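K.L.:
Starting from the known structure of chain C, arrange chains Y, D and H on it as the hints suggest.
Number of protein chains: 4
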Amino acid sequence: MKNTFGSSVTMTLFGESHGSEIGVVLDGVAPGLLIDEDFIRSQLYLRRPHGKISTARVEDDPFRIVSGVFEGRTTGTPICILIPNTNTRSGDYSKGLPRPGHADYTAECKYHGYQDYRGGGHFSGRLTAPIVAAGAIALMMLRKNGIEIGTHIKTLAGIEDRPFGHLQTDIELLGDALFPVLRESSALAMQQAIEQAAQDGDSVGGVLETAVIGMPCGVGEPWFDTVEGVLSHALFSIPAVKGVEFGEGFAFADMRGSEANDGLRAVGGKVVTTTNHNGGINGGITNGMPILFRCAVKPTPSIFCEQDSVNLQTMQNETLTLKGRHDPAIIHRARVVVDSITALVLWDFLAQRFGTDFADID
Amino acid sequence: MKNTFGSSVTMTLFGESHGSEIGVVLDGVAPGLLIDEDFIRSQLYLRRPHGKISTARVEDDPFRIVSGVFEGRTTGTPICILIPNTNTRSGDYSKGLPRPGHADYTAECKYHGYQDYRGGGHFSGRLTAPIVAAGAIALMMLRKNGIEIGTHIKTLAGIEDRPFGHLQTDIELLGDALFPVLRESSALAMQQAIEQAAQDGDSVGGVLETAVIGMPCGVGEPWFDTVEGVLSHALFSIPAVKGVEFGEGFAFADMRGSEANDGLRAVGGKVVTTTNHNGGINGGITNGMPILFRCAVKPTPSIFCEQDSVNLQTMQNETLTLKGRHDPAIIHRARVVVDSITALVLWDFLAQRFGTDFADID
Amino acid sequence: MKNTFGSSVTMTLFGESHGSEIGVVLDGVAPGLLIDEDFIRSQLYLRRPHGKISTARVEDDPFRIVSGVFEGRTTGTPICILIPNTNTRSGDYSKGLPRPGHADYTAECKYHGYQDYRGGGHFSGRLTAPIVAAGAIALMMLRKNGIEIGTHIKTLAGIEDRPFGHLQTDIELLGDALFPVLRESSALAMQQAIEQAAQDGDSVGGVLETAVIGMPCGVGEPWFDTVEGVLSHALFSIPAVKGVEFGEGFAFADMRGSEANDGLRAVGGKVVTTTNHNGGINGGITNGMPILFRCAVKPTPSIFCEQDSVNLQTMQNETLTLKGRHDPAIIHRARVVVDSITALVLWDFLAQRFGTDFADID
Amino acid sequence: MKNTFGSSVTMTLFGESHGSEIGVVLDGVAPGLLIDEDFIRSQLYLRRPHGKISTARVEDDPFRIVSGVFEGRTTGTPICILIPNTNTRSGDYSKGLPRPGHADYTAECKYHGYQDYRGGGHFSGRLTAPIVAAGAIALMMLRKNGIEIGTHIKTLAGIEDRPFGHLQTDIELLGDALFPVLRESSALAMQQAIEQAAQDGDSVGGVLETAVIGMPCGVGEPWFDTVEGVLSHALFSIPAVKGVEFGEGFAFADMRGSEANDGLRAVGGKVVTTTNHNGGINGGITNGMPILFRCAVKPTPSIFCEQDSVNLQTMQNETLTLKGRHDPAIIHRARVVVDSITALVLWDFLAQRFGTDFADID
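Protein chains in written order, with numbering that gives the first Met the number 0: chain C, 0 to 361; chain Y, 0 to 361; chain D, 0 to 361; chain H, 0 to 361.
Simulated from the structure, these hints should not be mistaken for laboratory data. These numbers come from a predicted model, not from an experiment.
Below are the DMTMM-like pairs computed for lysine to aspartate or glutamate, each with C-alpha atoms no more than 25 Å apart in a straight line:
#1 K269/Y - D307/C
#2 K269/D - E317/H
#3 K94/D - D356/C
#4 K94/H - D356/Y
#5 K269/H - D356/C
#6 K322/H - E258/D
#7 K269/H - E317/D
#8 K269/C - E317/Y
#9 K322/H - E70/Y
#10 K143/Y - D356/D
#11 K322/C - E258/Y
#12 K94/H - E258/D
#13 K143/C - D37/C
#14 K143/D - D37/D
Chain H is nowhere near these chain C residues, computed Cβ spacing over 12 Å in every case:
#15 H17
#16 P83
#17 R117
#18 E171
#19 L172
#20 L177
#21 S184
#22 R264
#23 K269
Across the chosen pairs, the derived CB separations fall in these ranges:
#24 D199/D - E159/H: 31 to 41 Å
#25 K51/Y - Y44/C: 56 to 66 Å
#26 T85/Y - H111/H: 35 to 45 Å
#27 D37/Y - T274/C: 37 to 47 Å
#28 G267/H - T274/C: 48 to 58 Å
#29 E159/H - N316/D: 29 to 39 Å
#30 D37/C - N310/D: 32 to 42 Å
#31 H165/C - R142/H: 43 to 53 Å
The beta carbon of each residue, even a glycine, is placed where N, CA and C say it ideally should be.
In isolation and in its complexed conformation, chain C is listed as follows (with noise of 0.2 Å):
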């Protein structure tokens, strides 16, 4: 499988960045879930540019739903989602140089020269938009069933913000935020460094941190399909990622296992854990504690510095300056792509352990 993830619920992504429009085919759904359009167009709103900290290529994402939602609510059958591609300037890119940092060199090394490379074409970070559409679905399946998702900006250069509290509450006031960090002061200061970094032509990156509440215990398979597994190999189709831990992930390098483990208590007829070191999970099934993980972002690759390339047509070496809009750092809009992946991933291991029909949908 190579653009489609999932067993029983299962996303299929299609499109590049400079086609017509850019899609995905979200199948396994449960029949009869009420489909509420406002909330996938405010999650991808989230994901859209906003303001100095983005790039200026701003799109209304005006999403169809073209099959599987009737009346309303889903019907049981596939729902594909298709987004135009409008706010498009192919002129700023051409195929002889491949950006460094981005997968211009890969696609040609896989695609032979033959890919689509006008903005990146089907690498562009434009296609987690129908990721975020379909996630949005999964989080309002999630929602009807008391599963709630919030990811924040834990470190952006170097400025850290608060740690999760009381998750519930910052759950929520994660929200809708469109620069989602816990403290307000951390929150202006990265927002001034990203800034800082566009005036010098450059970019920064970070660590967003999630948090999932409200998972039952013994969901996951040992071995090959923990729930850390699924997780990081979904988070890590998200651009940027490249490193993904869990619970106290590279801190446990320095923690002995008398500071690691979780001890378990009784509390009101329920096992809880008295720490949450393992972020809800050990063997690789969810303890019914809440899931923690955390994944590093890499400062976007599309910088104005020059660069060193190689021209592919002649192979000579040349420098490599770019043109066009880009994001001096895309953190910020990569939380609701965290969470919308979070909830498909958690979603399908429901379906798998409970059914297709598993949800309470009313």
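P.N.:
Chains Y, D and H alone, transformed into the frame defined by chain C:
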């Protein structure tokens, strides 16, 4: 798919810690590959506990190839490898009290109490032995095609190994070292830290770092089946792995694009990058440079301190003090599992891209 | 996987009879294949109803390739093809009374009443149009590699066509015939039978027979992914197909082994069989001889006689008399769907065996 | 996937006719199912050759459950079942001359001569033994949920059995009959025909007919994963099966829609069909009526007449006269394989639809 992984080359895992045998079925192998059973044996030897820094449960792993090999060569049909369990002490385990940091409680949730709880059952690290046996075959196949893999302990209990230098040399150096570290003084310090933890009835974690050389460019898929995504999916199968990062990984968070991008240069008619911050992968696809990644390994959860647990029959809080034979660290034993998983995943990518007979087997 | 089929080359289908568009995403296509849109158009033309022997719902099928084709050639990334629905008369359909022989009642069971019931919704034969569009691309690819597929109506309403003779010639003869029969007198008799059924408000079924020439030997898998198994899996997707047989098929029941076995002979340095009772497949794997199979096509269930049905709201027995525009036979239109499905499946087998770039595309 | 089949419930097959063991890994089984080893034994007994009408290679099939069963019940983790090969006579086989009607030549093409040729190697009908062992577990699971499967020989060498009557009664009647025929006089005539063929050094084929009762409605998928498609995919795994038809199957070719459609009636608050020409499936989805299908079984290719073959080393035409122990018919032994495959496929459909724990296991 639950205990099966892969697309063209697949691995199916089965068994429990205290069952009669554990094993793996490896399918999709090109026919005609000469099987070196001694190499399988030597890889299993690397996984086995040795000395004071490991568990006293040592097993000989006298594997048997039940199918798929005829007259010393692969036939192209499924290879089943069986490894008997011999040195089991089931009396050390009881069902009532789930061990913190282990899968005992999540297994109870998922399997409603029907799981084989002895020694962790199906979740036992013991099941990495068949993965190593299958991985040895993958490593043989990759070597015949010029691809080499090496892993060292980058960090353990705050002690750092030296970074990778000349990769070919370092991979050879790591070869069949029982404690895979590049700088001898680091190795000694790390081993002391493990022994100290053992004396304290405690355990330590660390970070494994892996390099792959010789992979052709143009392998992997955009979006869902990126090399990062599929590799991390499989790597999270390794018990105790809680984070995976590629290239600079989480360090990207504090870099700017101008530092993170890898410039391109033509060298001898081939395109290379001037740095390798992206770890050999752009847009999910190999660029021909070495693949570099790191796995966070949490401290072994089996420790001898008193821990909080819940009696699942009575739902009363109790304290748990482990008996039995346990590892104060498994990171040095985990490296051969990382190499094995990596080899299996890359082989599968190559077989999907170039066909089941892609390999030069002679 | 629900509406996605294939391993290396995959097809994802979406849409409903009365939605705005129906479509398909074809993934895993080798890059660089020249796309002949006229050929896609001519294949869709073969699927379209013509004349008195078909439904009066005729649509132009002005497909749009939304992605995956750039400057006239495949890029290697997913190809999405959209076909608008224009000529719909939703008023002809109501939900209450399931039509016998259709999927109305089973859709109700599966989707709890949320399905789009208009014109059969997602179950409509209309969705074979995107399959034909995708299949046209597969046929182009196979032709470039010397593989040809042809299907004729072997039997219809008791009338037999002549058997396949020289396959190359017969496949050319069938080419773009709207009524794919090898012997003209049979064609006339069959068409009369269809017209007679139409006058009676009734419908007829038949048998389609397919030949594939040029497939290399050694393709397919033992046991589960036999050529027979995967082909039949896909062929049963075609609405109305209720049986699939290879080589002698059900006629084997009355043969002895001495009649059924195909002797082997060396001809010009190549092994051939003296007969082809096994239809080009032994042990699930191609033997290099023509692949031969037949599909049983049941009579169209949309007929104008009074039929028994149940009002699902009231659970009262009622009688149903269909209105609308229906086909008295679909077998002649189904043949291009059979060719398409066959091409897609064989292409997938070749890509799995020889790699995604296996093809000679120029 | 090559030797693995299924989505939620999967089966992975391995082994060769003359290897030490053959086996299967069954994964995705709900935990807690009581395993009746005697039932597995009795199913293997049905598959085993008996008397004059079968091969003289009789093996006891002393299977071993290596994993996934603990204290007599399934654990929910993979069940590996091993069956030793004991009664092998490898001297009866040589590699040079492929046997007509067998997979010898296609295996040579696919595996380049590295296949284990002894006794058909991986292609041997012997590998149906582990399928039967896995199928026995599936049959236990289905029975606990009110689903029963029965298969009889409908036709053999031109001799017809009586049609299915009252299905519940007939399924019980077939139960553990070594020669599964509903009418005793037909059974005798068929057995005589087999003995006659054996005396002639020849073999016979036939048709198996299967009925499934108790399946709920609404199971299966539209388009690609129809019940017909997935069942036929799996059924063609059975060596010698060359055709599969559902309901009236190929007899639909001569019917009109008015004869073929199954009217709907409400009976006791439930919808039933007045006839069952469609074999319990509409639009690929179960309608709650009995599932009915037939498999064409070709005559055993191992016959003792002189046959044409080609020496693959010399590429010279030669004649081949088989030695060894062979079945003059395998259809009576194949019925338990059909039941097993059917049970595994339907169980997988139920687990996908209703979740891995769908079953009432007590």
